[in-house]
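Protein sequence lines correspond, in order, to chains A and B. Residue numbers for the first sequence follow my numbering, beginning at -13 and rising by one. Residue numbers for the second sequence follow my numbering, beginning at 13 and rising by one.
Honestly, I wouldn't trust all of these hints.
[Stated by the list, open to error] Using C-beta positions, here's what the derived DEER-type ranges look like:
1. A177/A x G23/B: 48 to 56 Å
2. T94/B x S168/A: 43 to 51 Å
3. D72/A x G23/B: 19 to 27 Å
4. R92/B x G300/A: 31 to 39 Å
No wet-lab data here; the hints were simulated from the structure. From the three backbone atoms N, C-alpha and C, an ideal C-beta is built for every residue, glycine too.
Below are the chains, spelled out letter by letter.
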Amino acid sequence: MNTPRIVIAGAGTAGHHLAAALRESGFDGAVSLIGDEPHLPYHRPPLSKDYLAGTAHPDSLSLRAPAFYTEHKVATHLGIPVRQIDRTTHRVVLADDRPLAYDHLVLALGASPRPFDIPGRDLGGVVELRTRADAESLREHLREGCRVVVVGGGFIGLEVAAAARKRGADATVLEAMPTLMSRALSATAAAHLAELHTAQGVRVICSTAVSALEGSAGRVHAVTTSNGQRLAADVVVLGIGVVPNVAPAAAAGLDVANGVVVDEYLTTSDPRISAVGDCANFPVPCGDRIRLESIQNAVDQARYVARRINGHTGTYSAVPYFWSDQFGMKLQIVGHAARSDRTVIRGTDTKFSIFRFHGNELAAVESINDPVTHLTVRKILGAGGTLTPDQADETVDLRALARNLAG
Amino acid sequence: MPKVTFIHNDGIDDVVDASPGTTLMQTAMLGDVVGIVAECGGSMMCATCHVYVHEDWMEKVGERGEMEEEMLESTSEPSRPTSRLSCQITVSEELDGLIVETPRTQL
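Generate the whole structure from the sequences, applying the supplied hints.
So this is what it looks like as structure tokens:
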């Protein structure tokens, strides 16, 4: 099999980077990229940030110029979802009945907004944010004086609130948990975000769920909450997280459990099929399994599978990292911490990093307006090193530690 | 349309058209220039769109920002006085003919 045919189901960040990495490495088999949106692959992060706020150049979403795909012989099938994966004949059938034969299939199916079953869900003005089309339609609503209620105080919810304020709209964030982002961030970082948003005029209401959306003439005009509040709303943005897109994989009988289940080579229960990015549930050292929704994860997994297709035999490993941008504040996270029992903070009030430990073991570092610490910790972890709580102390020169490890 | 030359260490240059108002990083991406990674897409979070600006162009390109200054301490290839993050340079007609060099590595 000198020139295997690679079919990539999903034209998001992971799908694009897989195709690009295959061609950069000189791979000369056929590469097909299937996307259910009508666009060539684009940057998704700005959709909830400067693209939504209207301050981004229209070209800034493009990952590559259209000519890239033709010049590098990546056959694109856009606006056509995958209907079926036929594992016996090794073919993907598109929604328009076209079959695409594969020697290896990579599922880069992404994720979709979590369904939210609530009275009034179908009213006009109740929107989600995942795609470029979603962002363009939401941006039309975000005008001076418009009242925006964001359901969910996670990254997307907070970024939307920040973009709404930038456009002069009135923004309220409703979070069901007692603090913002309690599952993703330390209490210190979460409190800093809440303060920042409050100072910028966002109304942050925690420990409050939505009980119904009210409307008239088919359009939303209020949100009622679990504790009986009634908030006037012209737009309601549902930002309660995403669920992995697994339908074609499940229908084809692949193992699926919170995503498409893959092994340490990112291979599914069928050796001819891999999965990468938001839709892939993969094992990490110490026996856990995780699924990450981030650019880093999409790019690193895509590049790894490209190397593997080219004959690399090692297992997948990467240092996870993530970023968000709200009101000009940069938040960057390296590592993965559901919780921590000890934190060390270094820096000043407005520019600092929070080192989170389980006992003496470093789990994650959150940096606020402190990209140098973030990048330095990434270098340390990437070189196989770690940090003790003592080493996280202000007096220790982290860059020197990173240089020594890099050797 | 302003033209920008990216000089690579393998001796092959890329000359690309830039649309005024976009950043030098976006110009590289849309022009299929290798050697610029731009992992974060222009949010100034990653320091993987590092370039060395040709000395003759330093003045026209302008000064580094405060955060950029710090980020340049974390680039993969050592930073020089002519180092910039290409996501922080907005291309204008003024920069027609700009010459930058890409570093050997970005990651």
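To see whether the hints hold, each was checked on the structure:
1. A177/A x G23/B: 48 to 56 Å: holds, 53 Å
2. T94/B x S168/A: 43 to 51 Å: This hint holds: roughly 45 Å between Cβ atoms.
3. D72/A x G23/B: 19 to 27 Å: 48 Å Cβ-Cβ, so the 19 to 27 Å window is violated.
4. R92/B x G300/A: 31 to 39 Å: Given a distance of about 34 Å, which is inside 31 to 39 Å, the answer is holds.
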